[in-house]
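Novice: So the sequences go chain by chain: P and X.
Using our numbering, the first residue of the first sequence is number 2, and each one after it goes up by one.
Using our numbering, the first residue of the second sequence is number 785, and each one after it goes up by one.
Careful: at least some of the hints might be erroneous.
[As the list claims (entries may be wrong)] Quick list of the computed label-pair ranges, beta carbon to beta carbon:
{"no.": "1", "chain 1": "P", "residue 1": "205", "chain 2": "X", "residue 2": "1057", "range": "44 to 54 angstroms"}
{"no.": "2", "chain 1": "X", "residue 1": "881", "chain 2": "P", "residue 2": "235", "range": "23 to 33 angstroms"}
{"no.": "3", "chain 1": "X", "residue 1": "907", "chain 2": "P", "residue 2": "205", "range": "39 to 49 angstroms"}
{"no.": "4", "chain 1": "X", "residue 1": "985", "chain 2": "P", "residue 2": "339", "range": "23 to 33 angstroms"}
{"no.": "5", "chain 1": "X", "residue 1": "881", "chain 2": "P", "residue 2": "2", "range": "49 to 59 angstroms"}
{"no.": "6", "chain 1": "P", "residue 1": "21", "chain 2": "X", "residue 2": "1024", "range": "24 to 34 angstroms"}
{"no.": "7", "chain 1": "P", "residue 1": "336", "chain 2": "X", "residue 2": "881", "range": "47 to 57 angstroms"}
[Unchecked claim] Where chain P lies over chain X, by a calculated footprint (3+ residues, C-beta under 8 angstroms):
{"no.": "8", "segment": "855-869"}
{"no.": "9", "segment": "884-893"}
If you are wondering where the hints come from, they were derived from the structure by calculation, not from laboratory data.
Ideal Cβ positions, reconstructed from N, Cα and C, are used throughout, including at glycine.
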Amino acid sequence: METKLMKGNEALAEAAIQAGCDAYFGYPITPQSEVLEYLAREIPKYNTKEHIRVVLQAESEIASINMVYGAAGAGFRAMTSSSSPGISLMQEGISYIAGAELPCLIVNVNRAGPGLGTIQPGQGDYFQATKGGGHGDYKLIVLAPSSVQEMADFVFLGFDLADKYRNPVMILSDGAIGQMMEKVTFGNYTVHKTEKPWATTGKPESRGRNYITSLHIQPEKLEEHNLKLIEKYREIERNEIRFEEIMTEDAEYIFVAYGLSARICHKAAIMAREKGIKAGMFRPITLFPYPSKRLNELAHKAKLFLTVELNSGQMVEDVRLAVNGKINVEFYGRLGGMVPNPEEIVNKLENLISKENVS
Amino acid sequence: MSAEELTITEKTDNNISAESDTETDTDNSASEISCDTDEYSVVYERPHTLLDVNMHYCPGCAHSLVHKLIMEAVEELGIQEDTIGVAPVGCAVFAYDYMNVDMQEAAHGRATAVATGIKRLMPDKYVFTYQGDGDLAAIGIAETIHTINRGENIMIVFINNAVYGMTSGQMAPTTLVGMKTTTSPFGRDTSVYGFPIKVSELISQLPGSFYVTRQSVNKNTAVRKTKKAILNALNYQKLNKGTCFIEIIGNCPSNWKMTPVESNNFIDEQMVKTFPLGDVKLPSAEDLKQLNQIGDKQPC
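Looking at chain P on its own, in the form it has when it is part of the complex (with noise of 0.2 angstroms):
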């Protein structure tokens, strides 16, 4: 075990050595070029003849993530990481990493947007990271990290879950989390290798051949292959779902946040604590598979969810359909890079309060 002080993005990158991944691909972008700088200092120090691990700055995103597909697709653990403008580059790779139902792990430390936007933090991916986001019937398995041991952690994860249902998953962070320091600890977790017997390795004499591809020309083979991926997300939605409850026991308020919200509403659900309000808060860790049902659970308890997102109301469409109108789901949000403090969250809880019982 060791317990070092370190940047979001520098323990993400620290934890994908530890974790195993053969292979990064990325490009320069910011907030996240640390990963990049990071594994293309420390790599090539684990690099033997019998483990090759390969770090490589590409020509742009669309050619990492397509360099990721050929790793991922050879059986080895891939990565890349970039912030938002990269991503939507990446979206066509990534569906037919989908499509061919590889394993790899992809990172968005979000900025807000739309467009060059700003290198400050934002959640306005939210929508491309959890519906799909390029074409086609798809899902990523989507983790919502909240600090710099949880962007560690969740690379461990990533490439388990990734590994163990052959999809993509995605990091989804943020600016704040990926460049603010904190302490994180190494050494919890095991690297699970998992066979991958599909892999285009080279063809022995032993087995016929094997190849990746998302085409089925056929539409009834197509139709199949969708139906297939849709049990293999419904397994992820019955197997996978995390999340994080503070003070929710007997709280009438409820606020429902991930990431770096999620921080600023743990603080504000204590500060409301203190001025008597029962306060309290829900996280989802996992932002596909989404915690619905439990959300539903506590909207039988609770008087009013607020969701607070730095965008302009994204995730609060699915809190919504988790709660189905049984109770009222407020949203408060910051955008551009703005990022709101405690107080100003815990102004518009007392508002709605104050509306609530006038009403």
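Following the hints, put chain X in place on chain P, whose structure we already have.
Specialist: Below, chain X alone, put in the same frame as chain P:
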């Protein structure tokens, strides 16, 4: 092209390949004859690296022939177990249905990036891409140039038939000046669309390219030269000196709206004026000496 064609064309030195390509299953009949009687000996067989299935290619198209040449080379070099191919979107997107080696299908234009991902992790394998002109020279030109600039130790087979074949005959980056396509119905106008890209000449300028050659398969002598180029390019991966690039001027009878014979003639009469055949960049004598010393070693 079938066994019969090869035999006949070799004897007569007369190009009938395009006509014969319209017949199917000649391979089977040829092998049946040679197996059932003592009078005939086997002079040609389908390589075991090429699967015994009907191809989807149009009659007379160069693709099926080039597929066969690559798979013959893989068989002759005894590297089936160590070969991984990448075929992106385009007419050859189904290549994995025909080539009996491990393969990956790639997104449009991204084959060399995918191949980079494979080769970097498995440097002792033989990796090749098989790409068309729209794929390699338009949407994938960035990947093409950067892959070769990095000197990735792979073979790129570039089928240049001057049109987008799979989407039925639109103008490609290599469409000849004045050539009519469905999206240049009055002929390619250089004031609007510029000039055909000469990829072989372009990438030969990059230090990362090791062996660059432009060949065709429209007649028997050309087929033999192309086969030799493929064998060389695969062999050169043992040297790890850079990217091998084989441009093959292909025909596209369907989209050129020609018979197979006319399309083969069109290559000699028109295509080679813009895309002259021959080697563009060759290994040095020292490189070849080194290759001889290496012998059967796998790529490094």
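Novice: Give a verdict on every hint.
Specialist: Evaluated hints:
1. P/205 x X/1057: 44 to 54 angstroms: 46 angstroms, holds
2. X/881 x P/235: 23 to 33 angstroms: Cβ of residue 881 of chain X to Cβ of residue 235 of chain P: about 31 angstroms, so the range 23 to 33 angstroms holds.
3. X/907 x P/205: 39 to 49 angstroms: 19 angstroms, violated
4. X/985 x P/339: 23 to 33 angstroms: Given a distance of about 53 angstroms, which is not inside 23 to 33 angstroms, the answer is violated.
5. X/881 x P/2: 49 to 59 angstroms: 52 angstroms, holds
6. P/21 x X/1024: 24 to 34 angstroms: The hint (24 to 34 angstroms, Cβ to Cβ) holds, given that residue 21 of chain P and residue 1024 of chain X are roughly 26 angstroms apart.
7. P/336 x X/881: 47 to 57 angstroms: Since the Cβ atoms of residue 336 of chain P and residue 881 of chain X sit about 50 angstroms apart, the hinted range of 47 to 57 angstroms holds.
8. 855-869: Held - the segment 855-869 of chain X has 5 residues with a Cβ nearer than 8 angstroms to chain P, which meets the minimum of three.
9. 884-893: Holds: 8 residues of the segment 884-893 of chain X have a Cβ under 8 angstroms from chain P.
In the structure shown, a violation is registered for the earlier hints numbered 3 and 4, in ascending order.
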